[in-house]
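Asks: Protein chains in written order, with my numbering: chain A, 1 to 233; chain B, 1 to 293.
Errors might be hidden in some of the hints.
[Stated by the list, open to error] Derived DEER-like restraints, expressed as beta-carbon distance ranges: (1) A:Gly136 <-> B:Tyr256: 34 to 40 Å; (2) B:Phe65 <-> A:Glu84: 44 to 50 Å; (3) B:Val81 <-> A:Gly57: 41 to 47 Å; (4) A:Val60 <-> B:Arg84: 28 to 34 Å; (5) A:Arg170 <-> B:Leu157: 54 to 60 Å; (6) B:Leu157 <-> A:Arg127: 40 to 46 Å; (7) A:Glu219 <-> B:Ala159: 49 to 55 Å; (8) B:Ser175 <-> A:Lys201: 26 to 32 Å; (9) A:Gln105 <-> B:Phe65: 32 to 38 Å; (10) A:Arg68 <-> B:Arg84: 16 to 22 Å; (11) A:Glu118 <-> B:Ile129: 32 to 38 Å; (12) B:Thr219 <-> A:Gly57: 57 to 63 Å; (13) B:Leu157 <-> A:Asp181: 54 to 60 Å.
[Stated by the list, open to error] Among the chain B residues that face chain A by a calculated CB cut under 7 Å, a handful are: (14) Thr161; (15) Leu165; (16) Ala169; (17) Val172; (18) Arg178; (19) Leu179; (20) Val180; (21) Val182; (22) Pro183; (23) Ala186; (24) Glu263.
Just so you know, the hints here were simulated from the structure itself, not pulled from any lab data. Virtual Cβ for every residue (Gly too), placed ideally from N, Cα, C.
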Amino acid sequence: MSLLELRDVEARYGEVTALHGVSLTVDDGDFVAILGANGAGKTTTLRAISGTVKTTGQIVFQGERLHRRTPEGMARRGIAHVPEGRGTFASLSVFDNMRLGAWTQRGPSARDLARVFEFFPVLYDRRDQQAGTLSGGEQQMLALGRAMMAKPRLLLLDEPSLGLAPLVVREIFATLRSMNDRGTTIVVVEQNAALALGSAKHAYVLETGRVVLGGAAEELRGDESVRRSYLGY
Amino acid sequence: MANLAQQIVSGLASGGIYALLALAIVIIHRSTGVINFAQGELATLSAFICFALMNHGWAFWPAFFVTLALSFGGGMVLHTVVIRPIQGGPLLGIVILTIGLLIAINGLTTWIWGGTSQQFHGPFSTAPIRVAGVAFSKQDIGVIVVAVVAMLVLGLLFARTKLGLGLRASAVNPSEARLVGVPVPAMLAVGWGLACALGAVAGVMAAPSLFLDPNMMQTVLLYSFAAAVLGGMDSPAGAVVGGLVLGVSLNLLGTYVDWIGGELRLATALALILAVLLARPSGLFGRSIVRRA
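For reference, chain A alone in the conformation it holds in the complex (with noise of 0.2 Å):
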């Protein structure tokens, strides 16, 4: 059962065309991942998702066809967009952050914060701290931690991996791969295509605004021009 379709989807900063006609689909319980050089339309494609930025063509989620969005509106159908960097607020404590995650639900239920804080312990030990003194690490569980506590139909993360250790990144993809396990819809866009392919059952390629390659993870992982052009192999 498809979640998320976007149909010929078009974005445009000021001048500059972004997306030129992208469609691609998430199915419900897919763990999609997007790859593409920098430029390519990554980023765009997720805020074209959460509705951050205006679009035209057709985004259709669970079933609906989607008109003048806004993020807060997106936010409420259950979609949680984890921006580039984390997207943390800075000067709040860590315990602030979570709560704002729960905007959505009636506020932060004990049992949703206990769950968080089970899958990442040193969250609750540095629950009043200000975010912004977590280490990079650290901030991305924080990102996700917020994300599930809004208990997301499709969960968005730009660029998880982007300035973490490798051991670290490990450890998120693992809760990624847990989540998506759990049932949470997850569409991650990487830069690290090795990474990304290796946890994500399906993924598309972009190139300069455009999708050029879609398929099951495992048959892209083994296709010639993604090993040259993203794998380095």
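On the provided structure of chain A, position chain B as indicated by the hints.
Replies: Quick look at chain B alone, frame taken from chain A:
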């Protein structure tokens, strides 16, 4: 000694009023980046509204709370209709807009109520109250209590409630706040509403001693800006401390230093600010923004 205590209390009362208005200025600046030069005139307008209600037979406290509600609503409307459309524009444009608002509102209050000073009968009598043998003005104590309560309520709102969390998030990182679902434009409007309600408290508390006229809050606004800057422009705690410190210092300096009479009060205040800023450019509570090159 008794005189010192009286001067301090009296300084805290006027300082409380500066603190309230300074807090309003800081809330608006922190959340929307606008320096609201019209904050004083809005406070005056609120005081006049309370005055008008009382002239129609209302008792003080009902009139006061209705004025607060109207000021809150007015602030929200002001943000949505006047400020939001120009928010993305150049800073100078926004500054000119709020100065224009200042002039417009001043004109409005003069037009409706005339330019002559009126007597405003506040809720506190001017009779003295003796504490430990020293006579304090009931009005001073009343103003301090009201100011403290108002600031406490606001502080609790920001720190403990979901609304307060949304307000803080919208001020700190509006684009990210929208991504988690916070209705940022509405939050910013609420911020303006709260600021104008604070201004209303300041105006109504100032009216009995300053006498009600359209220019009543102009000097207070200057002191409040000084207090806000002294505290570090974006720090609510700093605005409060700045206001109180300013109020008390001005009183003590005026009493104990011979050559600082009534005319030099404002100059003294500004000189104080200058001295502090020379030593600490980001204000007493401000955080200097260090950017990695």
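Asks: Taking the hints in turn, state whether each one holds.
Replies: To see whether the hints hold, each was checked on the structure:
no.: 1; hint: A:Gly136 <-> B:Tyr256: 34 to 40 Å; result: violated, 55 Å
no.: 2; hint: B:Phe65 <-> A:Glu84: 44 to 50 Å; result: holds, 47 Å
no.: 3; hint: B:Val81 <-> A:Gly57: 41 to 47 Å; result: violated, 34 Å
no.: 4; hint: A:Val60 <-> B:Arg84: 28 to 34 Å; result: holds, 31 Å
no.: 5; hint: A:Arg170 <-> B:Leu157: 54 to 60 Å; result: violated, 43 Å
no.: 6; hint: B:Leu157 <-> A:Arg127: 40 to 46 Å; result: violated, 22 Å
no.: 7; hint: A:Glu219 <-> B:Ala159: 49 to 55 Å; result: holds, 53 Å
no.: 8; hint: B:Ser175 <-> A:Lys201: 26 to 32 Å; result: holds, 30 Å
no.: 9; hint: A:Gln105 <-> B:Phe65: 32 to 38 Å; result: holds, 33 Å
no.: 10; hint: A:Arg68 <-> B:Arg84: 16 to 22 Å; result: holds, 18 Å
no.: 11; hint: A:Glu118 <-> B:Ile129: 32 to 38 Å; result: violated, 58 Å
no.: 12; hint: B:Thr219 <-> A:Gly57: 57 to 63 Å; result: holds, 58 Å
no.: 13; hint: B:Leu157 <-> A:Asp181: 54 to 60 Å; result: violated, 41 Å
no.: 14; hint: Thr161; result: violated, 11 Å
no.: 15; hint: Leu165; result: holds, 6 Å
no.: 16; hint: Ala169; result: holds, 5 Å
no.: 17; hint: Val172; result: holds, 5 Å
no.: 18; hint: Arg178; result: holds, 4 Å
no.: 19; hint: Leu179; result: holds, 5 Å
no.: 20; hint: Val180; result: holds, 5 Å
no.: 21; hint: Val182; result: holds, 6 Å
no.: 22; hint: Pro183; result: holds, 5 Å
no.: 23; hint: Ala186; result: violated, 9 Å
no.: 24; hint: Glu263; result: violated, 42 Å
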